[in-house]
Amino acid sequence: MEVKFILNGKQTTADIKEDTVLLDLLRAKGCYSVKCGCETTNCGLCTVWIDGTPSLSCSVLAARVEGKEVTTLEGLQEEAAEFGAFLAAEGAEQCGYCSPGFIMNVLAMVRELEDPTLEEVKEYLAGNLCRCTGYMGQLRAIKKYLEMKRGTK
Amino acid sequence: MSFVNTAVPKVDAPALVTGKPVYTDDIAPKDCLVVKILRSPHAHALIEEIQTENAKKVPGVECILTYKDVPDKRFTMAGQTYPEPSPYDRLILDQRVRFVGDAVAIVAAETKEAAERAMKLIKVKYEVLEPVLDFHQAKDNAVLIHPEENWKSLCPVGADNKRNLCACGKEEHGDIDAVLDACDYVVEGTYHTKANQQAMMETFRTYTYMDTYGRLNVVSSTQITFHVRRILANALDIPKSKIRVIKPRIGGGFGAKQTVVTEVYPAIVTMKTGKPAKLVYTREESQIASTPRHEMEVKVRVGADKDGIIKGIDVYTLSNTGAFGEHGPTTVGLSGHKSIPLYGKTEAFRFAYDVVYTNVMSAGAYRGYGATQGLFAVESAVNELAEKMGIDPVALREKNIVTEGQVMPAYYGETANSCALDRCLEKAKEMMHWDEKFPARDLGNGKVRGVGVAMAMQGSSISNVDNASVAIKVNDDGFYSLMIGASDMGTGCDTILAQMAADCLDCEMENIIVSGVDTDVSPYDSGSYASSTTYLTGIAVMKTCETLKEKILAKGAQYLECSREEVDFDGKKVFCLKDGREISLMEIGNRIMCNNEDALFASESYSSPVSPPPFMVGMAEVDVDQETGEIELVDYVAVVDCGTVVNPSLARVQTEGGIAQGIGMALYEDVVYSESGKNFSNSFMQYKIPSRQDVGTIRVEFESSYEPTGPFGAKSIGEVVINTPSPAIAQAVYNASGVRVKELPITAEKVYWGMKK
Amino acid sequence: MITINSYVKPESLEEAYELNQKRANRILGGMMWMRLGSGRVQTAIDLSGMGLDQIEESEEEFKIGCMCTLRQLELHKGINQYTDGAVRECVRHIVGVQFRNQATVGGSIFGRFGFSDVLTCFLAMDCYVELYKGGIVPLREFVCQKRDRDILVNVIIRKDVRKIRYVSSRRTKTDFPVIACGVAKAGEEWQVSVGARPMKAVLVTEKADERNAAEIAEKLTEQVTFGSNMRGSSEYRKALAKVLIRRQIEALMEEC
Numbered sequence: 001m002e003v004k005f006i007l008n009g010k011q012t013t014a015d016i017k018e019d020t021v022l023l024d025l026l027r028a029k030g031c032y033s034v035k036c037g038c039e040t041t042n043c044g045l046c047t048v049w050i051d052g053t054p055s056l057s058c059s060v061l062a063a064r065v066e067g068k069e070v071t072t073l074e075g076l077q078e079e080a081a082e083f084g085a086f087l088a089a090e091g092a093e094q095c096g097y098c099s100p101g102f103i104m105n106v107l108a109m110v111r112e113l114e115d116p117t118l119e120e121v122k123e124y125l126a127g128n129l130c131r132c133t134g135y136m137g138q139l140r141a142i143k144k145y146l147e148m149k150r151g152t153k
Numbered sequence: 001m002s003f004v005n006t007a008v009p010k011v012d013a014p015a016l017v018t019g020k021p022v023y024t025d026d027i028a029p030k031d032c033l034v035v036k037i038l039r040s041p042h043a044h045a046l047i048e049e050i051q052t053e054n055a056k057k058v059p060g061v062e063c064i065l066t067y068k069d070v071p072d073k074r075f076t077m078a079g080q081t082y083p084e085p086s087p088y089d090r091l092i093l094d095q096r097v098r099f100v101g102d103a104v105a106i107v108a109a110e111t112k113e114a115a116e117r118a119m120k121l122i123k124v125k126y127e128v129l130e131p132v133l134d135f136h137q138a139k140d141n142a143v144l145i146h147p148e149e150n151w152k153s154l155c156p157v158g159a160d161n162k163r164n165l166c167a168c169g170k171e172e173h174g175d176i177d178a179v180l181d182a183c184d185y186v187v188e189g190t191y192h193t194k195a196n197q198q199a200m201m202e203t204f205r206t207y208t209y210m211d212t213y214g215r216l217n218v219v220s221s222t223q224i225t226f227h228v229r230r231i232l233a234n235a236l237d238i239p240k241s242k243i244r245v246i247k248p249r250i251g252g253g254f255g256a257k258q259t260v261v262t263e264v265y266p267a268i269v270t271m272k273t274g275k276p277a278k279l280v281y282t283r284e285e286s287q288i289a290s291t292p293r294h295e296m297e298v299k300v301r302v303g304a305d306k307d308g309i310i311k312g313i314d315v316y317t318l319s320n321t322g323a324f325g326e327h328g329p330t331t332v333g334l335s336g337h338k339s340i341p342l343y344g345k346t347e348a349f350r351f352a353y354d355v356v357y358t359n360v361m362s363a364g365a366y367r368g369y370g371a372t373q374g375l376f377a378v379e380s381a382v383n384e385l386a387e388k389m390g391i392d393p394v395a396l397r398e399k400n401i402v403t404e405g406q407v408m409p410a411y412y413g414e415t416a417n418s419c420a421l422d423r424c425l426e427k428a429k430e431m432m433h434w435d436e437k438f439p440a441r442d443l444g445n446g447k448v449r450g451v452g453v454a455m456a457m458q459g460s461s462i463s464n465v466d467n468a469s470v471a472i473k474v475n476d477d478g479f480y481s482l483m484i485g486a487s488d489m490g491t492g493c494d495t496i497l498a499q500m501a502a503d504c505l506d507c508e509m510e511n512i513i514v515s516g517v518d519t520d521v522s523p524y525d526s527g528s529y530a531s532s533t534t535y536l537t538g539i540a541v542m543k544t545c546e547t548l549k550e551k552i553l554a555k556g557a558q559y560l561e562c563s564r565e566e567v568d569f570d571g572k573k574v575f576c577l578k579d580g581r582e583i584s585l586m587e588i589g590n591r592i593m594c595n596n597e598d599a600l601f602a603s604e605s606y607s608s609p610v611s612p613p614p615f616m617v618g619m620a621e622v623d624v625d626q627e628t629g630e631i632e633l634v635d636y637v638a639v640v641d642c643g644t645v646v647n648p649s650l651a652r653v654q655t656e657g658g659i660a661q662g663i664g665m666a667l668y669e670d671v672v673y674s675e676s677g678k679n680f681s682n683s684f685m686q687y688k689i690p691s692r693q694d695v696g697t698i699r700v701e702f703e704s705s706y707e708p709t710g711p712f713g714a715k716s717i718g719e720v721v722i723n724t725p726s727p728a729i730a731q732a733v734y735n736a737s738g739v740r741v742k743e744l745p746i747t748a749e750k751v752y753w754g755m756k757k
Numbered sequence: 001m002i003t004i005n006s007y008v009k010p011e012s013l014e015e016a017y018e019l020n021q022k023r024a025n026r027i028l029g030g031m032m033w034m035r036l037g038s039g040r041v042q043t044a045i046d047l048s049g050m051g052l053d054q055i056e057e058s059e060e061e062f063k064i065g066c067m068c069t070l071r072q073l074e075l076h077k078g079i080n081q082y083t084d085g086a087v088r089e090c091v092r093h094i095v096g097v098q099f100r101n102q103a104t105v106g107g108s109i110f111g112r113f114g115f116s117d118v119l120t121c122f123l124a125m126d127c128y129v130e131l132y133k134g135g136i137v138p139l140r141e142f143v144c145q146k147r148d149r150d151i152l153v154n155v156i157i158r159k160d161v162r163k164i165r166y167v168s169s170r171r172t173k174t175d176f177p178v179i180a181c182g183v184a185k186a187g188e189e190w191q192v193s194v195g196a197r198p199m200k201a202v203l204v205t206e207k208a209d210e211r212n213a214a215e216i217a218e219k220l221t222e223q224v225t226f227g228s229n230m231r232g233s234s235e236y237r238k239a240l241a242k243v244l245i246r247r248q249i250e251a252l253m254e255e256c
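Protein sequence lines correspond, in order, to chains A, B and C. Counting along the first sequence from 1, when you hit position 149 you're at 149 in the UniProt record's numbering, and nothing is skipped either side. Counting along the second sequence from 1, when you hit position 552 you're at 552 in the UniProt record's numbering, and nothing is skipped either side. Counting along the third sequence from 1, when you hit position 170 you're at 170 in the UniProt record's numbering, and nothing is skipped either side.
Incorrect hints may have been included.
[As the list claims (entries may be wrong)] With a Cα cut of at most 35 Å, we get these calculated DSBU-like pairs of lysine-lysine:
id : chain 1 : residue 1 : chain 2 : residue 2
1  : C       : K238      : B       : K194
2  : A       : K29       : B       : K112
3  : C       : K9        : B       : K120
4  : A       : K17       : B       : K306
5  : A       : K17       : C       : K9
6  : A       : K68       : B       : K112
7  : A       : K17       : B       : K57
8  : A       : K68       : B       : K30
9  : B       : K120      : C       : K200
10 : C       : K238      : B       : K112
11 : C       : K22       : B       : K57
12 : A       : K29       : B       : K306
13 : B       : K57       : A       : K29
14 : B       : K20       : A       : K4
15 : B       : K306      : B       : K437
16 : C       : K173      : B       : K678
17 : B       : K56       : A       : K143
These aren't lab readings, by the way, just hints derived from the structure by calculation.
Construct the entire structure; sequences and hints are all you get.
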């Protein structure tokens, strides 16, 4: 079957199977930032936005994004680099494998929550697992990034 | 400008944070055959019959391999220097399957769907055998896991396949029984640590293809690029010269990728078909057929005199290596060698061990490598000893810890040339406000808040075994290529080694490009494990830089037409001390490309006669609900002596990450098997690694010593950091609840039943 | 991963219902665990795009469309005001924001999963399901019914003078619960749901009389059966339930 959707701002058409999972379609379309870390919705590595809402692309049928707007880190390169610099300054990207999904959710959080507290940040990002960093460096990066954002407002 | 001891961002950070395709599966050719493994449903069985004809008929199926198609030559998948202490007990596929999930057949097809359909059509008839699932019952059991005649142990590690023994041994110093008998206080306990999964975010994966020269090329997510070449040569029974191994970016390793897990399967498919092949493990496969931490049961006796001097430590470790012996003989050693030496005033020690085969998945290397298990036991016992004596456990340690300059008999007789353990204790105490908080206080809301302490040590490389080589060349325009054989697995060694090179060569980081590992071009390195890279490869970098600088000076002198003695090099230019004439490195770089016979290339190796231990202290603060036993980790404080901190932000994150993994081990993570040996912990849904809401607050400081044998005074940091959470949290929970949990993980339910007693 | 032969987005509930009568067909909810399944689905029936993702509040009730996400519940001001945040409490531990952006209320309730926080919490309220053919059925009855091929269209919370609290115990913060309890005081009755036993949630009641919280909690817990799994033994679950229920009753006694 065919699915039409907007991928990172571009109208896209893909020939898919009925049971093609969005994650696989996105990688086939060259969006390699989207990773699979588990098969059970627990890790958050496959996070993309569907109509701006952070979602686990491992658990969405590609057929369901018909007419929707899908955003991956490939479509947010400038923001990724901006926040990523804060992450790298802490050394908190480490192996980097969870970074794209994590950054997608951080950028969604920044849009959704005004001035989040530390506890709110932790809760919002609880579905993004990281095995390298112990999370503290990520939190330091977010804190500094939010401060920068507030400063530029 | 100096880069060592500054928080330089990782050289690969911009690519990683923008999600660039740099990992194995991102760069694999699109036409790779998809490789899948059919797995055993039985913990122990013999394959009586295996029918693949129907499966082979599935359109798109390229090949199906069974035990009949693989070389009958045993090998080990452990990434260790040859001759490996791990026994040669594996075949790529075996007629005997030894755990639920063991490989039965390899299927390669054009698509995943075809491969999966074919798997369903393979018919296997098993003779189901009695399994050995309890590791206490394994030694000298009538059921043998490895009865085969071509099983082989290359090193004298006390292995005997006819006794289900992967290794055994004993070492003693002084008369431990007499010393303990004379002690005023003796505690004795048995501590049980379970298998744990490294659970790196990128699962095991490899792709393979034949190159122009008919050689097998292997691109793999590995920590042991060079060992993979040897292991594959052994497994496939082909010359090493026919294999090339390349390591791209890796999504975490933690020791898991110090063992060959996926490599052999696509490799044999490519050898048989000539076609590129790829195997990406699912998370389930990574949970059930991988290489987790060795389950260990450690019995400890510790004794002290009336003045609180610890006189003797007696450790016996029973280690469960599972179906195969990867890292079995070596991990067990650290349970004694990296725990007993923390105490510098002992008159005697004994360390004995057995490592047994059982019918669960093979264990392997996991950060800490046996030290983690041993330290849970010894540090817990020392805490119990302090309580028995009625003194503060920090005070007890202050009296007994190993100090700088001391010889450590239980640590191969090495001397602690750098040791700030005393300062680590002091600093941790201050950060935790230990004196006010120890042992516990009632919060008045049904919860009691307790604190606990533990210390740890590790090594820095395997002395007289590990080998690191580095090569650097000068290119045109004078930029350097730094070639290393150590595998950056996210930890940042590509960056750290470039920092050291930049300092040695007096140049900017931008002037150095770092190449990852390719066995065809990189200089040999035993690999990124055993906390070796910063320490060992670091020295190799320094040595190489010195040699290269000499060559640059000589070349500069030649171009300036003066003698070597008359010139100096400041990183940018070679100049004549006499008359101030100079030639820039850029010009030298360009001139050597024409009419030149001296390669501006240097390569040096290093192997260390010692393995200087990093030290650390961890303190945990937990709340325990007095009615339910529920535990909340509030705060974790760590102070580390890793010698000079080469990159403060990377060292800090390594420490925080190691502690978080240690917290997972202490409180949440458990590999659980059914009575028939099926692994229940087969996903992140059932095997719970900590989320960011489960680690409390982790606070890290450094108290640096200066290691005279290390690069810029550095020791290692990668592994030591995982060792303190289990004993420190166990003690904090005890202080808050009165319950000593001696089998990990420490769950609310265990605490609850303890409180009920 | 389940395999799907055809994918249909029906125009109407009638069409969806007709399709769903075939055993080989299946309704798609949030699709959270489709990768865990291994069955073959002939036709996947996608209910998204039918406007079933709305929460309507009236004087008497909240009507929650089956395709509403758990995140919508979490953020809904009216529901959380009415339940003193109990509904938010029951979903906020579930995996992560992304998961809750996808998992549906209909899927959570219709599945009648043993581990379900949502089912447990809703059971402690005056709650109903609206089935396409079966009409409006009290959740208390629905939870005991066998799975059939009807379609759950709405979940309805009737507003009454009720105080409710939700509490759970977990091994990690985002894990399935070891035990979950919804504790409500409705008029002169304590209505308590216990989920993750690990079997699906049940509702038990006790009269709200002069007995103290411990006695009431004891009696309530006695009515519930518990089982064992990886996350806890039946004995521990029972002990845990008793404590958690007692504490919530105490808290509600103080409030009321």
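Are the Cα atoms of K22 of chain C and K57 of chain B separated by 35 Å or less?
holds (32 Å)
For the pair supplied as a hint, K17 of chain A and K57 of chain B, is the alpha-carbon distance within the 35 Å limit?
With a Cα-Cα distance of about 23 Å, the restraint between K17 of chain A and K57 of chain B holds, given a limit of 35 Å.
Straight-line Cα separation of K238 of chain C and K194 of chain B no greater than 35 Å?
holds (27 Å)
Satisfaction of hint between K120 of chain B and K9 of chain C, Cα-Cα up to 35 Å:
Holds, at roughly 31 Å.
Check the hint pairing K57 of chain B with K29 of chain A against an upper bound of 35 Å on the C-alpha distance.
Within the cut-off at roughly 31 Å; holds.
Measure nothing beyond the straight line between the CA atoms of K17 of chain A and K9 of chain C; if it is 35 Å or shorter, mark the hint as holding.
holds (15 Å)
Given pair status - K306 of chain B, K29 of chain A, alpha carbons within 35 Å:
violated (72 Å)
Run the distance test for K68 of chain A versus K30 of chain B: straight-line Cα separation, threshold 35 Å.
Distance ~27 Å between K68 of chain A and K30 of chain B Cα, so the pair holds.
Sort out whether K306 of chain B lies within 35 Å of K17 of chain A, counting only the CA atoms.
Outside the cut-off at roughly 76 Å; violated.
Sort out whether K4 of chain A lies within 35 Å of K20 of chain B, counting only the CA atoms.
Between K20 of chain B and K4 of chain A the Cα gap is close to 25 Å, so the pair holds against 35 Å.
Do the alpha carbons of K173 of chain C and K678 of chain B lie within 35 Å of each other, as the hint requires?
Distance ~26 Å between K173 of chain C and K678 of chain B Cα, so the pair holds.
When you check the alpha-carbon spacing of K68 of chain A and K112 of chain B, does it fall within 35 Å?
holds (28 Å)
In terms of the numbered hints stated before, the structure departs from hints 4, 10, 12 and 17, listed from lowest to highest.
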